[in-house]
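Spelled out, the chains give:
2 protein chains.
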Amino acid sequence: MIAAPPIISMDRFFLFSVIFAVSSISGCFSAYSYTTQWIEVPVDHFSFANNDTFKLRYLKNDSFAHDPQSAAILFYTGNEGDIELFAENTGFMWDIVQPENRLNAELIFAEHRYYGQSLPYGNKSYDSTKQLGYLSSEQALADFVSLLQEINPGNKRPVIAVGGSYGGMLAAWFRMKYPHMVSGAIAASAPLLQFSSITPCEVYNRILTSVFATAYTHECASNIRKSWATLKSRSETDEGRAFLTKTFKLCTNLTKHEDISQLTDYLTDMYSNLAMVNYPYSANFLAPLPAYPVREFCGRLKEANLNDTQLIEALADGVSIYVNYTGKVQCLNMKSSTTDALGTKGWDFQACTEMVMPMCTDGIKKYGIRPRSDLEMISRYGGNQISTATNIVFSNGLMDPWSGAGILRSPNDHVKIVIIPEGAHHIDLRARNPKDSQAVIAARRIHLDAIREWISQN
Amino acid sequence: MIAAPPIISMDRFFLFSVIFAVSSISGCFSAYSYTTQWIEVPVDHFSFANNDTFKLRYLKNDSFAHDPQSAAILFYTGNEGDIELFAENTGFMWDIVQPENRLNAELIFAEHRYYGQSLPYGNKSYDSTKQLGYLSSEQALADFVSLLQEINPGNKRPVIAVGGSYGGMLAAWFRMKYPHMVSGAIAASAPLLQFSSITPCEVYNRILTSVFATAYTHECASNIRKSWATLKSRSETDEGRAFLTKTFKLCTNLTKHEDISQLTDYLTDMYSNLAMVNYPYSANFLAPLPAYPVREFCGRLKEANLNDTQLIEALADGVSIYVNYTGKVQCLNMKSSTTDALGTKGWDFQACTEMVMPMCTDGIKKYGIRPRSDLEMISRYGGNQISTATNIVFSNGLMDPWSGAGILRSPNDHVKIVIIPEGAHHIDLRARNPKDSQAVIAARRIHLDAIREWISQN
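Just so you know, the sequences run in chain order A and B.
Take 1 as the starting number for the first sequence in the numbering used here and just add one per residue.
Take 1 as the starting number for the second sequence in the numbering used here and just add one per residue.
Treat the hints with care, since some could be wrong.
[Said to hold, decoys possible] Computed cross-link-like contacts, BS3-like style, restricted to lysine-lysine with a CA-CA straight-line distance of at most 27 Å:
{"no.": "1", "chain 1": "A", "residue 1": "130", "chain 2": "B", "residue 2": "130"}
{"no.": "2", "chain 1": "A", "residue 1": "55", "chain 2": "B", "residue 2": "130"}
{"no.": "3", "chain 1": "A", "residue 1": "130", "chain 2": "B", "residue 2": "55"}
{"no.": "4", "chain 1": "B", "residue 1": "124", "chain 2": "A", "residue 2": "156"}
{"no.": "5", "chain 1": "A", "residue 1": "335", "chain 2": "A", "residue 2": "345"}
{"no.": "6", "chain 1": "A", "residue 1": "335", "chain 2": "A", "residue 2": "226"}
{"no.": "7", "chain 1": "B", "residue 1": "416", "chain 2": "A", "residue 2": "130"}
{"no.": "8", "chain 1": "A", "residue 1": "177", "chain 2": "B", "residue 2": "177"}
{"no.": "9", "chain 1": "A", "residue 1": "177", "chain 2": "B", "residue 2": "124"}
{"no.": "10", "chain 1": "A", "residue 1": "156", "chain 2": "B", "residue 2": "55"}
{"no.": "11", "chain 1": "A", "residue 1": "345", "chain 2": "A", "residue 2": "246"}
{"no.": "12", "chain 1": "A", "residue 1": "256", "chain 2": "A", "residue 2": "232"}
{"no.": "13", "chain 1": "A", "residue 1": "335", "chain 2": "A", "residue 2": "416"}
What the hints contain is simulated information worked out from the structure, not anything from laboratory work.
Please put together the full structure from these sequences, using the hints given.
Dropping the structure here:
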């Protein structure tokens, strides 16, 4: 990965895991109120060899429903992280249930098993595949089925699934696999086609590169490209490592040549994350960041013909926006971009089993399991052969690297496609903001119209 | 069960298990030729705690396909029994690939896991839930997905699922759950609604009773009704038990009062089975039987005002048609109606887990497992809420007791309903016969037209 690749040298599959984890990081404030509830579900929905059960968490707010008996259920299909973080970061759902919209709906945010507090085997849940083996998208969907069976007996009230990123994949699959339970789905920035035999490997990085190439000056992308070799060569001497440690304000000294991979991994994640959350307003989704953080970053790398020292200094300056926009962070912790609290333990496993990644040769060693081939996932969910799907809106921001694997063409009249040309990762699911572009506002209007239509069909 | 119930005292759930097993009994001749093939599949398709694999059997004949590269695949979704028996008893599939129909199709008969030779753990497969726990309809469907992924990469060729009874449920569910893999499904006599909260308990027995009440004289049903009490009272004395043993030609003597339950269980199964296979021609599906075996049986019970002895003698006379139509059977073996070779070990388990039966209070004791509630099965597959289903033909014979739980009304323009007024259990999937009624001939024509249409959509 540090072998000075042609453009930005990032393993898109590693990014895949990182970025999904990113979605679960949020601010610390709680703008929305809900009750926390639990439902007992089987650990294994599909076999009878393991009869254990566990408690799945979900959040509920029915205070906006003016007739609880007939109220629609807006159901967030929780993805890889603490469900409270998704509840906080899906302002769209909170916005549309406000009285002025007269939607008569309640909100449910269902936690995905093995994340947050929904741990089938408590703190032993990740100990081995004996416990962890029941972490899969299909089991998670079956949890949602169990939950809806409980809170909506007979499917009398219309249910709308909503999700972003991997949660958007789940929302779409939920509608496809259980249409009797889910009247429709809003799937935002859901890379349903992110399987190597459908989407060419380089698409992700091509979009990512263009985000950095067009944000300020084209030099930004060139400088990033040059920096990999410079970082590598500087890391080869004691003097160079001391320079890097000081310039990037690293929390731990680079002591040997190999340590540089930690820093380049960190940068790799950072580029991807910056593109994801490149929102037109200051936000605290992955990290506290200014509006348009990619432009801000590239503003520090706008010059051509920087020498090696200047290049590293400019890069470190840019990185400080990501690391320390608040000015309160003392040093760059190269291990801080993803943490256990964010469910990366679980996502690493999913990435190595069903969200099949090339890096799974490591996964086999790590978990001792047989990963599925990407063909298996395509067989299960249809891949790009979804002509029978109905009542789904797929939305994608074209400045989101994941959009290359999104559903950008409708297979039929019952599936709607929303494109947000300048949009980052599922910005349309965020709370409304004065800085929202017309395209984002329009996307949310399409979502709401679709939801109304699906509810009326019930 | 022997407590002299109002009409014909049969536990419909017990019947459910028996009758499905019945489908797997066939003649001994092999009219059709195929190659036997195997594919390795995971024991558990939905989790990663068990990484075992096993070999699933399937039968193939592509000799009728004039262009193997583009040939459609007629895919029998194997149910609870040896797949060779289903291949032999699904003459409809063999008939329609004959050259005069110009269908360009190959035949695949896929065995259901835990039946026939597709035993995940060999002769230990039924030892405990540790081995047996992976027997479920969802795992079976996932086996079929794996098989199609292998023989039809990229889903380039159209696939039509065909099945009868539980196999018909699988065919319909296969299309509903994996529409990208299956262009359409013929679901014959598939009791998709056979779950207690959807279909009233008494429907099965009501139809069964009417089959016997209308076959010859109404006295037949009255005599059967009377016989339960007579059998019970006769079994209370040594003399009565000797009389019953002799009259029914039992292989083992009735020695005590409780033994009578074996005989009444046998009769219970027999009535159901006779109605199932009440075909207009002599056949050997469950047992060698004459044409219209119910009429034949009722011909022996046509008189009114029989005394107790006459009633038992007439009943035994009727039973002999079922037991010994060939004249070669020496005695009535009360344990012979279902045998291990027919997959009843597996079906008993399915009946106690997902095909949820009231008798499962026994099942819990027997297997130590938590059965699913019937609501769970409805949640998984939709129950009667199948308005998004497309490209399925549901056929039912109205003289088939299972038809009361069949899909008799189309939810939309893309689902076709076929009614065969005088039809028994999935007679339309049998080979054509000069005695076929116009309704059966028409049903098969509708099936073929639908198959052609679905193939042309591909």
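Checked hints:
1. 130(A) - 130(B): holds, 13 Å
2. 55(A) - 130(B): This hinted pair holds, its Cα atoms lying about 23 Å apart.
3. 130(A) - 55(B): holds, 23 Å
4. 124(B) - 156(A): Violated. Residue 124(B) to residue 156(A) sits at ~44 Å, over the 27 Å cutoff.
5. 335(A) - 345(A): Since the Cα atoms of residue 335(A) and residue 345(A) sit roughly 14 Å apart, the hinted pair holds (cutoff 27 Å).
6. 335(A) - 226(A): holds, 24 Å
7. 416(B) - 130(A): Not satisfied, since the Cα-Cα distance of roughly 45 Å exceeds 27 Å.
8. 177(A) - 177(B): Within the cut-off at roughly 6 Å; holds.
9. 177(A) - 124(B): Violated. Residue 177(A) to residue 124(B) sits at ~33 Å, over the 27 Å cutoff.
10. 156(A) - 55(B): Between residue 156(A) and residue 55(B) the Cα gap is close to 43 Å, so the pair fails against 27 Å, i.e. violated.
11. 345(A) - 246(A): violated, 31 Å
12. 256(A) - 232(A): Within the cut-off at roughly 11 Å; holds.
13. 335(A) - 416(A): Judged against 27 Å, a Cα distance of about 40 Å means the pair is violated.
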